[in-house]
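Given the coordinates of chain A, assemble chains B and C onto it according to the supplied hints.
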Amino acid sequence: MLDFSDLSVVDVHCHPYIRKEKLSADDWVAEVSFGGGSAEYLQEGGIEVDDAVLAMLQRLKRDTLYFRYMLRRLAEYFQVEATVEAVVEARNRAIADEGYAVYAQRLHQASGIETLIVDDGHPLPQVDLGSFRAEVGVEVAPVFRIEVLIQQLLDEVSSWPEFQRAYDDGIAAALSDGGYKGLKSIIAYRTGLDIDPRSRSSAQGMIALEKIRRARGRGGDAIKNLRDHLFCRAIERCIEFDVPFQVHTGMGDWEVHLAACRPALLMELLRYPAYRACKFLLVHTGYPYHAEAGYIANVLPNIWCDLSEGLPFAGNAGARIIAEVLEMAPPSRVCYGSDTYGSPEPFYTSALLGKQALAQALQALINDGFMSAAQAQESAKMILSDNARELYGI
Amino acid sequence: MLDFSDLSVVDVHCHPYIRKEKLSADDWVAEVSFGGGSAEYLQEGGIEVDDAVLAMLQRLKRDTLYFRYMLRRLAEYFQVEATVEAVVEARNRAIADEGYAVYAQRLHQASGIETLIVDDGHPLPQVDLGSFRAEVGVEVAPVFRIEVLIQQLLDEVSSWPEFQRAYDDGIAAALSDGGYKGLKSIIAYRTGLDIDPRSRSSAQGMIALEKIRRARGRGGDAIKNLRDHLFCRAIERCIEFDVPFQVHTGMGDWEVHLAACRPALLMELLRYPAYRACKFLLVHTGYPYHAEAGYIANVLPNIWCDLSEGLPFAGNAGARIIAEVLEMAPPSRVCYGSDTYGSPEPFYTSALLGKQALAQALQALINDGFMSAAQAQESAKMILSDNARELYGI
Amino acid sequence: MLDFSDLSVVDVHCHPYIRKEKLSADDWVAEVSFGGGSAEYLQEGGIEVDDAVLAMLQRLKRDTLYFRYMLRRLAEYFQVEATVEAVVEARNRAIADEGYAVYAQRLHQASGIETLIVDDGHPLPQVDLGSFRAEVGVEVAPVFRIEVLIQQLLDEVSSWPEFQRAYDDGIAAALSDGGYKGLKSIIAYRTGLDIDPRSRSSAQGMIALEKIRRARGRGGDAIKNLRDHLFCRAIERCIEFDVPFQVHTGMGDWEVHLAACRPALLMELLRYPAYRACKFLLVHTGYPYHAEAGYIANVLPNIWCDLSEGLPFAGNAGARIIAEVLEMAPPSRVCYGSDTYGSPEPFYTSALLGKQALAQALQALINDGFMSAAQAQESAKMILSDNARELYGI
Chain A
1 MLDFSDLSVV DVHCHPYIRK EKLSADDWVA EVSFGGGSAE YLQEGGIEVD
51 DAVLAMLQRL KRDTLYFRYM LRRLAEYFQV EATVEAVVEA RNRAIADEGY
101 AVYAQRLHQA SGIETLIVDD GHPLPQVDLG SFRAEVGVEV APVFRIEVLI
151 QQLLDEVSSW PEFQRAYDDG IAAALSDGGY KGLKSIIAYR TGLDIDPRSR
201 SSAQGMIALE KIRRARGRGG DAIKNLRDHL FCRAIERCIE FDVPFQVHTG
251 MGDWEVHLAA CRPALLMELL RYPAYRACKF LLVHTGYPYH AEAGYIANVL
301 PNIWCDLSEG LPFAGNAGAR IIAEVLEMAP PSRVCYGSDT YGSPEPFYTS
351 ALLGKQALAQ ALQALINDGF MSAAQAQESA KMILSDNARE LYGI
Chain B
1 MLDFSDLSVV DVHCHPYIRK EKLSADDWVA EVSFGGGSAE YLQEGGIEVD
51 DAVLAMLQRL KRDTLYFRYM LRRLAEYFQV EATVEAVVEA RNRAIADEGY
101 AVYAQRLHQA SGIETLIVDD GHPLPQVDLG SFRAEVGVEV APVFRIEVLI
151 QQLLDEVSSW PEFQRAYDDG IAAALSDGGY KGLKSIIAYR TGLDIDPRSR
201 SSAQGMIALE KIRRARGRGG DAIKNLRDHL FCRAIERCIE FDVPFQVHTG
251 MGDWEVHLAA CRPALLMELL RYPAYRACKF LLVHTGYPYH AEAGYIANVL
301 PNIWCDLSEG LPFAGNAGAR IIAEVLEMAP PSRVCYGSDT YGSPEPFYTS
351 ALLGKQALAQ ALQALINDGF MSAAQAQESA KMILSDNARE LYGI
Chain C
1 MLDFSDLSVV DVHCHPYIRK EKLSADDWVA EVSFGGGSAE YLQEGGIEVD
51 DAVLAMLQRL KRDTLYFRYM LRRLAEYFQV EATVEAVVEA RNRAIADEGY
101 AVYAQRLHQA SGIETLIVDD GHPLPQVDLG SFRAEVGVEV APVFRIEVLI
151 QQLLDEVSSW PEFQRAYDDG IAAALSDGGY KGLKSIIAYR TGLDIDPRSR
201 SSAQGMIALE KIRRARGRGG DAIKNLRDHL FCRAIERCIE FDVPFQVHTG
251 MGDWEVHLAA CRPALLMELL RYPAYRACKF LLVHTGYPYH AEAGYIANVL
301 PNIWCDLSEG LPFAGNAGAR IIAEVLEMAP PSRVCYGSDT YGSPEPFYTS
351 ALLGKQALAQ ALQALINDGF MSAAQAQESA KMILSDNARE LYGI
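Residue numbers (my numbering), protein chains in the order written: chain A, 1 to 394; chain B, 1 to 394; chain C, 1 to 394.
Chain A on its own, in the form it takes in the complex (with noise of 0.2 Å):
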């Protein structure tokens, strides 16, 4: 079998956090599980939130096989029971003991972590990033996700001339003094992937603003226009500052637009002409649609895939996504990524699992003819660390 232990990591998708140095278990379970099913979902919904339903939403969490594997990885890690409480007692111990960025350096050289590329678009208020770097012990490089800015805009600005320029504006100190590397957009949260490509002109985001002022909730489609043409201008940016935008696609959490976050549906946009010298980065691959997005890095020469969320939060599903994306795209547009949160101890294990589902597809690979074993091992680096590194730049 294959083993990529040793082989560096970059995280090409997670979140920055707040430091928690000691948690509950449950408040730890809340904190590093798949986002959803949350107690104020239901309490939206009109229904009391008991001990009971406290307990059902708690043993949804854990019963993943995700949970299970991240479980039973720390508890090696730690040397302790695999149960969350034996888990995180050792965690809050280790964190008093040694202190927050000695701990979690630690995992992440254990894993092999070397740079985090996050999006700070979430969690909201933003995380301020010079304390997070100081904490994770690991280099820090940030993407710009749009739509902060464009809620803010919505909120605070009503004139289209003055909306066009701060936009423009607030990109451009993004990705020039701001430290950005690149864009983020998470559309597929709000108006879907069916962006139409036509929606470059700035009349479109005028008339569109101006509808979305007047209508107070009777809009139509302005609303779904205004934000097609943001994410249009966004693609120009990227293209004049030579920067990735990654775009998600596929599962997010409950609030994702489901009929509508298929890679299949960004493909009128990807082949625009204006847009072919953009490079694109498939947040999450698109899965469960993860065919899609390889099938798009394989057509059009600027796609890339990036394999987080599926991996971990879909537990088993690794080995499979990846041996799927790799169906088309070549190994050299294929990132590794986490899209994990709040804790040191996510981004670890989801680093383990990643080098193991990376070694069983590959393995599979070798044995089926389809690459020797010294392609697997180049394979292996270049969606661990190198092809985020040159998308990056870092």
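A couple of the hints might just be wrong.
As the list claims (entries may be wrong) - Below are the DMTMM-like pairs computed for lysine to aspartate or glutamate, each with C-alpha atoms no more than 25 Å apart in a straight line:
(1) Lys-224/B with Asp-177/B
(2) Lys-279/A with Asp-253/C
(3) Lys-279/A with Asp-50/C
(4) Lys-224/A with Asp-196/B
(5) Lys-279/B with Glu-210/B
(6) Lys-279/B with Asp-177/B
To be clear, the hints were calculated from the coordinates, so they are not data collected in a lab.
Remember, it's a predicted structure, so these values are computed and weren't measured experimentally.
Okay, now just chains B and C, sitting in the frame of chain A:
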């Protein structure tokens, strides 16, 4: 290899049938095979159904992996050659020898089946459940298919006040005195799963019914609006009576609305605040879109996945479906089901296949570090019976 | 492990090509790789194509699993090192030594290829089939791509009566005297597979053509209405001449209508009574939506699945595609195809990969109790050649 032969089984989704003590080989094939591709289907298309066509249809059904598997398992059971003729002869003889009820009960015992949760909305006219119960020799708990009632009201009732009252009363009667343990909908066969969650108001039902009555076939979206409204109304009854709602998703026979049967299309409805208290069972776990169902069962707290139809009718798909559903859905949210009908034999072979597929899928999870052997045993028990028992309170 | 090396092969879907006796390494890569991502594509987007870009494009194609597999198999065949340069040199030398026809014939014999069913609608201008036949040394049976005729009529004919007559006559001539064995459509590249089955009336064609002629690019749905009508008309010709209709589904190069190429979208049309007598071959079995194609081939009686394009261009996907198609489709409804073009080598490696993938998939089915070894052997023979021979009467 894991072995779940001894575990008991609740079949969370299947259909009652009329006892047929003696069948010809061809008729047995027609009874127990997966629907569609029939002689009537071709005749409707103006095709003359001669012996050659009938032979082709028989071959089509007998050639599938599902059918071959069933035949081999029944040949083992009856200790005869694995041909249709030998198996059907053995079946007819056993029924003649020991009586139908004993025959059925022995088959169910041999595969561990203890309870059948049946949708008596298929076949039509409805099978008498009293007789069925007596003949199958295991516990039978029915769910109420709303489309049977809807069709009856469309045929008989003109005014909306009367329609609405009869619909509510019909459901309430079924759930209180009728012995029904929950509701079921096949709206995926009618107007599709993209149900507008804002269809709750009685006004929508009234306007839609009026349009249908006046339109003489030119009602536009009226029939969809009516069905969407009645679906939402049914959710509210499920919440009121605290019973689960089975919703067909994914494959069916040739009549399903294939372009609008994906679980993802249900998402807007499932997360609508007013419906969050309802427990939904995604029937067929949306196969071949089962990853979507598993995802929804992870991010929303009241969603269960029923493995039926893909298992057993998609033959070798069983282990894959289970593995892919468990990528996101916790084992506590997955139920065994068969969707079988027609005769006791497919209930038996489906349970055997389910146990084999489950053993294969869970063994791989143990091997890859996602669960312990004890957790696999516990998961199998939950999936084969406990989850369904808890969900239906049986 | 099963071994199908000795079985003969009918390639149910591939393309003729112009003989090229001597190729540079880069040109050979361009000829035999999967389409898309080319230099022209980038140039259209205003990107300067310099040496670095050309090197990137070459790397993209050479890096895919499909390409690596092909290279390794050809290196074995030529007994040279597994580098592009060595393989292309060996190829050029062999052609120079033994002549093109002998070279091609030897490759085909080595993989068992006996018949190529070719769509001569690609590449354009059309390859002369007489010369192609002489050069490939195996039986060649063409199918007629309706879009070539449609484009020609759109370019040349204004009146609907003339268009309609020329369309019908063109198809009839191809199927009677032209030697074509059936029709083919790539409507999935144009207006998508959601073809309205009620498009049969000549009036729809007339109105649509008139709108197109007057609209100067603002014809709305007219072009879709026209193509839908001509597709339905083509179905009726297939029924009349009793020949199969190949319909592109699923992946293509970057020009396919990715959001509207899923086989599920065809379902409404396929089950429309007037078309039930037509035999449809779902080209590429809709990969990566191949489970949909397999499902349709189960529930409708006149549907065949062609494995081409996913096999070989999706590299390691072969065994998975076969296994997943066979979940529902009986083996008597599945045909081997390659969709290869450009030079004899990919036809050879595709057949080898097809046999390997088939062996792997069927072996797993034997192991899991879904077929006997004898049934696996019979299934392989059907899939590799018998089904296509029966379907095309060759």
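Hint check results:
Between the alpha carbons of Lys-224/B and Asp-177/B the distance comes to roughly 30 Å, so the proposed pair goes past 25 Å and is violated. A C-alpha spacing of about 19 Å is found between Lys-279/A and Asp-253/C, which places the hinted pair at or below 25 Å, so the restraint holds. Distance check on the hinted pair: Lys-279/A and Asp-50/C sit about 17 Å apart at the alpha-carbon level, within 25 Å; holds. Straight-line distance between C-alpha atoms of Lys-224/A and Asp-196/B comes to about 19 Å, which keeps the hinted pair within the 25 Å bound.
The straight-line distance between the Cα atoms of Lys-279/B and Glu-210/B is roughly 32 Å, outside the 25 Å bound, and the hint therefore fails. For a cut-off of 25 Å, the pair hint linking Lys-279/B to Asp-177/B stands: about 21 Å separates their Cα positions.
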